[in-house]
Amino acid sequence: MRYVIGRVQRLVIVLVIVTFTTFLLVNVLPGDVAYQLGGMDASQEEIEQIRRSLGLDQPMLARYLGWMADLLRGDWGNSLLTGKSVWEMITQRFPISLQLMLMAQFMALALAVPAGLATAWRAGGWLDRLVTSIGFAMVSMPTFLIAILLIYLFSLHLGWLPATGYEPISEGLWANLRPMILPAASLALVEWTVLMRTLRAEMIGTLQENYISLARAKGMSNLRILFAHALRPSSFSTVTILGLQVARLMSGAIILEQIFGIPGLGRMLIHAVYTRDFIVIQGCVTFFALTYVLMNFVVDLAYAWLDPRVRERRAHG
Amino acid sequence: MRIAYAQAVARHRKSIALGWAFWLPAGWLLFVILIALLAPFLGLAAPNRPDFMNLRAPVGSDGFLLGADALGRDLLSRVVWGGRVSLTVGFAAPVIGVGTGLVLGMLAGYYRAWVDEVIGIAIDSWLAIPGLVVLLLLFSVIYGGSLLMVCISLGLLFIPSAARITRAATISVSQREYVMAARAMGASDFRILVREVFPNIFWPLMAFVMIDIPIAIVAEGSLSFLGLSVQAPTPSWGGMIAEGREYLETAPHMTFVPAAVMFLTVLSFNLAGDAMRKRVSGGRQGAI
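Residue numbers (this note's numbering), protein chains in the order written: chain A, 1 to 317; chain B, 1 to 288.
Treat the hints loosely; a few may be bogus.
[As the list claims (entries may be wrong)] Taking lysine to aspartate or glutamate and the DMTMM-like style, the derived pairs with C-alpha atoms no more than 20 Å apart in a straight line are:
1) A/Lys-84 to A/Asp-70
2) B/Lys-278 to A/Asp-128
3) B/Lys-278 to A/Glu-202
[As the list claims (entries may be wrong)] Not close to chain A: a few residues of chain B, all C-beta gaps over 12 Å, as computed:
4) Gly-27
5) Val-95
6) Glu-117
7) Leu-137
8) Gln-175
9) Gly-186
10) Arg-191
11) Arg-245
Hints in this document: simulated from the structure, not taken from any laboratory. Built from N, CA and C at the ideal position, the CB exists for glycine as well.
Let's have the full structure, built from the sequences with the hints guiding it.
So this is what it looks like as structure tokens:
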């Protein structure tokens with residue numbers, strides 16, 4: 001319990017710092033939103049007018065607190081460009097990004113788990129060396145490069161999958177999944193290596209345990225040993241990595257949404273950056289940070305719950 | 001058990017002599033770095049001079065060894081000049097980031113208590129925003145990055161991990177006898193940190209810089225792919241790939257030339273770094 005309280009304290013402090021920094025960056029550095037809203041030839045009075053109506057004439061701390069209060073009430077401000085509610089935009093687009101990330105993570109695991117088991121089984125053997133080398137090559141490829149290679153191969157040459165586009169789920173499951181396959185695969189092909197390596201390293205340790213030898217001595221089949229006995233105790237680090245990977249998935253999704261024209265949160269953020277729509281940027285960054293921090297908080301707790309040693313270590317450390 | 005372990009160590013040592021797995025990538029890197037450094041003296045075509053007679057000239061056509069892009073600019077020349085951007089960022093960003101992280105980590109690990117707590121919270125907050133989102137936030141503010149800004153912003157991304165590693169190493173070094181001896185002799189904190197702690201954590205951190213270089217190159221590539229790094233017409237690998245994308249069907253070489261160079265370079269950094277790391281960790285147990 002002390003562990004949980006400590007984590008929650010830390011979580012709150014981190015969230016305050018993150019939101020404050022975002023707020024500061026967006027509100028102080030670029031001069032003034034008022035100038036942007038007013039346009040090039042706005043008079044000084046007009047600027048003052050806009051400033052007052054937005055509450056920009058108030059002291060920074062008051063504005064931050066006001067903004068935070070609005071955030072908590074679900075009022076994330078309106079886009080400077082379209083006037084739409086930022087919170088509405090986020091809730092519309094986030095599920096699309098989430099789907100992309102989940103599909104990618106699922107594909108990555110589908111590659112990483114068998115690969116991790118197979119390589120750990122005969123560590124140093126030809127299969128291990130081959131798969132590890134492929135992983136090494138993959139990790140040297142930026143996501144956008146893999147995406148372009150996949151587009152070149154599967155869209156332009158083979159014509160199996162579309163290169164861009166998005167269909168809502170209401171158009172049918174396959175119609176919805178089809179354009180998401182390539183972007184998700186691009187992301188998965190980069191991410192699976194990390195998972196595979198982590199699993200492999202821990203698996204090699206597990207396979208040297210006595211109970212594995214016992215299972216082998218009892219004549220249990222290799223597959224059964226790997227999946228039923230060795231996989232679960234070897235997956236602690238992999239679970240942690242899954243949490244940490246969310247950041248990489250988010251970064252990857254932002255780029256891929258841009259390449260494949262998927263109207264997710266990342267595309268919205270990039271568009272906002274191009275058009276300098278600061279209210280949207282502020283909302284998106286806050287949302288990304290919130291999601292990521294909460295995700296890792298949950299993973300941390302789950303991890304501590306799975307493995308009591310963590311609770312001990314952290315409480316004393 | 002013990003004997004088996006000793007044998008394994010011996011075998012491991014033997015396998016980690018720097019073989020072709022190090023020298024081949026190292027050779028490519030040396031080649032790329034040299035070419036990038038000497039770019040102005042190689043007699044290449046100007047990287048930004050359009051040639052409307054040779055739009056998208058294929059690889060190997062007359063006067064265009066690696067072909068030309070959509071404006072007829074020489075791809076070979078652009079790849080070389082783009083390499084200058086990628087390599088500059090690749091080296092500068094990790095040095096900036098690891099340097100800052102080093103100072104923070106040493107302070108946190110040496111003083112512990114509230115210093116550790118404050119730096120820890122700062123790092124946690126920094127890590128709370130995914131890397132690309134941080135960069136997008138920064139670039140929305142400083143729009144149109146100069147090379148220096150790109151280096152600094154990317155460098156920021158390397159602070160947390162470097163600080164954490166330095167902190168752990170500093171804690172372990174600070175408990176060694178020679179540090180206690182220095183303290184007993186009345187050495188100042190500053191002197192201990194610089195003369196005793198720093199030399200003992202320096203080399204492991206250099207290995208860390210090696211890991212960060214390819215990451216920085218990839219990150220710069222992603223940024224310039226999104227058009228947020230150095231501005232056109234300055235060539236950069238990511239930017240060239242983005243430009244080539246529109247002609248992927250008709251002129252794939254526009255994409256594949258910079259893509260191949262970038263991939264080989266990043267792979268080489270990874271391979272060479274990996275070989276060096278194996279050698280360091282196999283030969284001598286460092287502070288980390």
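Outcome of the hint check:
1. A/Lys-84 to A/Asp-70: Satisfied, since the Cα-Cα distance of roughly 16 Å is no more than 20 Å.
2. B/Lys-278 to A/Asp-128: holds, 17 Å
3. B/Lys-278 to A/Glu-202: OK: B/Lys-278 and A/Glu-202 at ~18 Å, within 20 Å.
4. Gly-27: Consistent with the label, B/Gly-27 stays out of reach of chain A, its closest Cβ about 17 Å off (over 12 Å).
5. Val-95: holds, 21 Å
6. Glu-117: Contrary to the label, B/Glu-117 does not stay out of reach of chain A, its closest Cβ about 10 Å off (not over 12 Å).
7. Leu-137: Incorrect as stated: the minimum Cβ-Cβ distance to chain A is 5 Å, not above 12 Å.
8. Gln-175: holds, 15 Å
9. Gly-186: Given a closest Cβ separation of 31 Å, the condition holds.
10. Arg-191: Holds, since 28 Å exceeds 12 Å.
11. Arg-245: violated, 6 Å
The structure fails hints 6, 7 and 11 (numbered hints given earlier, in ascending order).
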